[in-house]
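Participant: Sequence:
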Amino acid sequence: NDGSTPIMLACQNGHLSVVQMLISTGRCDTLITRLDSVSPLFLTVQHGHEMIFDYILDKVDSSKDIADLAREDGATPLFK
1 NDGSTPIMLA CQNGHLSVVQ MLISTGRCDT LITRLDSVSP LFLTVQHGHE
51 MIFDYILDKV DSSKDIADLA REDGATPLFK
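Take the sequence shown: its position 15, counted from the start at 1, is 15 in UniProt numbering, and no numbers get skipped.
Keep in mind that the hints were calculated from the coordinates and are not lab data.
For glycine and all other residues, C-beta sits at the position ideal for the given N, C-alpha and C.
Misleading hints may appear alongside valid ones.
[To be verified] Derived CB-CB ranges, DEER-like:
| id | residue 1 | residue 2 | range |
| --- | --- | --- | --- |
| 1 | Asp58 | Asn1 | 27 to 35 Å |
| 2 | Asn1 | Asp54 | 23 to 31 Å |
| 3 | Gly48 | Ser4 | 28 to 36 Å |
| 4 | Met21 | His47 | 29 to 37 Å |
| 5 | Glu50 | Leu9 | 26 to 34 Å |
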């Protein structure tokens, strides 16, 4: 297990409706990272899901923090 959460899997696989549902519950941690420091937003960018990227940045109050989360190698969702 790499520490992936439902929001991470939805972001990675391009399931916008699942991302919307998870975020709408108010109990989804979009700042969480896997064991390798990869965040839901990083997975979204890595797999080219622009609509999910836009949705997360629009709906989550801490979008600045999300966009700045870095992987172990220092890469962020906005610079990989």
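Participant: May I ask you to test the hint 28 to 36 Å on the CB atoms belonging to Gly48 and Ser4?
Facilitator: Check failed, 18 Å falls outside 28 to 36 Å.
Participant: Do Asn1 and Asp54 keep their Cβ atoms within the hinted range of 23 to 31 Å?
Facilitator: 30 Å, holds
Participant: A range of 27 to 35 Å was offered for this pair. Does it hold for the Cβ distance of Asp58 and Asn1?
Facilitator: 30 Å, holds
Participant: Between Met21 and His47, does the beta-carbon spacing fit 29 to 37 Å?
Facilitator: 19 Å, violated
Participant: The hint says 26 to 34 Å between Glu50 and Leu9; measuring C-beta to C-beta, is that right?
Facilitator: 18 Å, violated
When each numbered hint is compared with the structure, violations occur for hints 3, 4, 5.
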